[in-house]
Amino acid sequence: MPVRTVLLGQGTCCISAGAKQISAALREEIARLDLAGTVQVKHTGCRGFSQIDPVVIIEPEGLLYSEVKVDDAPEIARSLLPQGQPIERLFYRDPVTDRAIPHHRDITFYNKQQRTVLKNCGYIDPEEIDDYLAVGGYQALRKVLSEMTPEQVIEAVKRSGLRGLGGGGFPAGRKWEACRRVPGDEKYVVCNADEGDPGAFQDRSVLEGDPHSVVEGMIIAGYAVGATKGYVYVRAEYPLAVKRLGIAIAEARERGFLGENVLGNGFGFDIEIFQGAGAFVCGESTALTLSLEGARGMPKPLPRPRTTEVGLWGRPTLLNNVKTFANIRWIINKGAEWFASQGTEKSKGTAIFSLTGKITNCGLIEVPMGITLREIIFDIGGGVPGGRTFKAVQTGGPSGGVLPEGLLGTPIDFDSLTAAGSMMGSGGMVVVDEDTCMVDLARYFLDFTQKESCGQCSLCRLGSVQMLEILNAITEGNGRIEDIDLLIELGESVKIGSICGLGQSAPNPVLSTIRYFREEYESHILEKKCPARVCKGLISYIIVSDKCKACMICLRKCPVEAIKGGKKEVHVIDQDKCTRCGVCLSVCPERFGAVEIIPGREVKIHG
Amino acid sequence: MKDRLKEILSSYKRGRGKLIPILQQIQERFGYLPEEEMVKVAQLCGVTESKVFGAASFYAQFRFTPIGRNRVMVCRGTACHVRGAPQILNEVKRQLAVEEGETTSDLEYTLETVACIGCCALAPCIIINNKDVHGRLTPKKVTDIFASTKKEGQDAG
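Residue numbers (my numbering), protein chains in the order written: chain A, 1 to 607; chain B, 1001 to 1157.
Keep in mind that the hints are not guaranteed to be accurate.
Simulated crosslink set (EDC-like; lysine to aspartate or glutamate; CA at most 16 Å straight-line) [as the list claims (entries may be wrong)]: (1) B:Lys1018 - A:Glu293; (2) A:Lys243 - A:Asp125; (3) B:Lys1141 - A:Glu590; (4) B:Lys1018 - A:Glu272; (5) A:Lys451 - B:Glu1100; (6) A:Lys451 - B:Glu1112.
These aren't lab readings, by the way, just hints derived from the structure by calculation.
Can you make the complete structure from the sequences, with help from the hints?
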């Protein structure tokens, strides 16, 4: 029997950081030291702390080695010998105290979290059903089929207070009940894994790290609403998630959890994977079902029937997000009351966020509803790195908004975030510092949504483009002061005049940045300056003469030959020729740091 | 070509909802969706050509022009954006001398952008041929990546 287990995260993010090569090297070393009998190397999903990937964990001690490199493999293998010692230099160092922390349970990033959906991500091998069974997998399904009626299952989901975690927050139990009540012998369960938000990766991580929890939740849902077929609508850009989900479905079928006679109970249910071809608007339920049917994914016009009544191929369809399904097994196993005891009065359970941007600890986190933004960003996230200052946090992706420092006390739940002008959305949480321009950020999100608009509603199709053009003008230095109010008026109109969530929320990033950072818009327009030094039309690159060593590097690399000077002759940027591409800044040796960006295009004083 | 298409289509039972998976398979085989193949899909699936083209043109995944030997995707996720993705995209464009969505004239590179690849800790990043992720980039690192890949290409050629 293995005495030790080496856990190696193999999520997309871990693999990008080199986890595959480390695994191969480590396995080779372990075999070479003849440790294969006592040490087991296990591939798992991502443990969420992307910042320090690739991570190696040694159990049962619970040691965590961070930012491991291939060259570390021999030393790690040797440490697993009977007389081996932990490797201190690979311990995670707390960025605040600089203290080395040997055990993962002591790392602040983890111990302030409350992991339910992500509990097994990073512990079990997602490609081995026995690993899932060993942590109580499919027990909820057994319990449901042997002890509960469909009505009792729905009652439990209702009592738990679980709300749809795809962003909408609609009470899951009520949706299940509505679908159950519609008569029909052909119903469908659809899992929405079309995570199109830029900056959100939690659905992917759950599918890569614990796919069976989603499969189990879907089977239970099928039993509850009376469906016999399930679909997982997953982004084609997530090849690893698709692969692992495919393995999980095949394994579940083999073991009798899926098929014509689930666990010999007479209930039949099967699941098929559908790879979405890339359209953000397909997050809307009627668009998603049309897409599954092979058509353009355009939301159906109002008044439209509920998907629970007329869904896929005109049949009653239950559509929930990955995380909603992944919660079901816990509600059944631990009880609705247990689930309802967590979180706030109206938002129960946990929330999962992709914490990214200008943050010390970037990664995937699961926290109880009701925790404040400040606790997430400063305690779990470790604040803004590099001595920079926190400016705002953006939640909810292109449909959400930005919240300034004054609102960091806002508790995380569906209603508080909406009231503050943002939203929970699909769980992206991007922290920005003083180097991020809020006008540019609004422009970035609007650029995304206007491209993704399906074009049915005139206000969404044309209004969003109009708003983008105004924002482009402002960031290029051609804005007029009345444009700010025009943006607000247009934004409100787009919201009213659109039939689906995409259009109704597309103006949010613009409206919330105006609401909280109006002075930045005014600087762009009145002073022709981008205070964050981002907008190309409103900044200048300069070479600080007393720092320049006349090394010729920037002069040679400048693609438009805008830099004048020579050997022993301080370099100067010709502002008329400069295209603000930033190459000079990135090539200037760090020890000189002679190239700087300044707000505005008035450079004579500094030049 | 017709035989290859038949091979793809034979794996699908005639019926509803298979148009997008069929188009995905064709694109995987050819690298893009050739017009004549889409016409044949319409005939064989019993739907109008406009329905096939309508669906294909709606989704970001489908391409109607041939693709280069190397696919360079610049991540445009929010984390990448706030950490300097626009400068990265500009530098890649400059290195390859193509715009977003275009292929170099020697068919060596196709430049695309992607909404998010979810490697936000490595922002800003690019992914080459769907497998090689280059993270924490600066414009200079981009220059170095293409200097070495181009050289490798020449050595191999």
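Okay, the hints, checked on the actual structure:
no., hint, in the structure
1, B:Lys1018 - A:Glu293, "7 Å, holds"
2, A:Lys243 - A:Asp125, "14 Å, holds"
3, B:Lys1141 - A:Glu590, "14 Å, holds"
4, B:Lys1018 - A:Glu272, "12 Å, holds"
5, A:Lys451 - B:Glu1100, "14 Å, holds"
6, A:Lys451 - B:Glu1112, "15 Å, holds"
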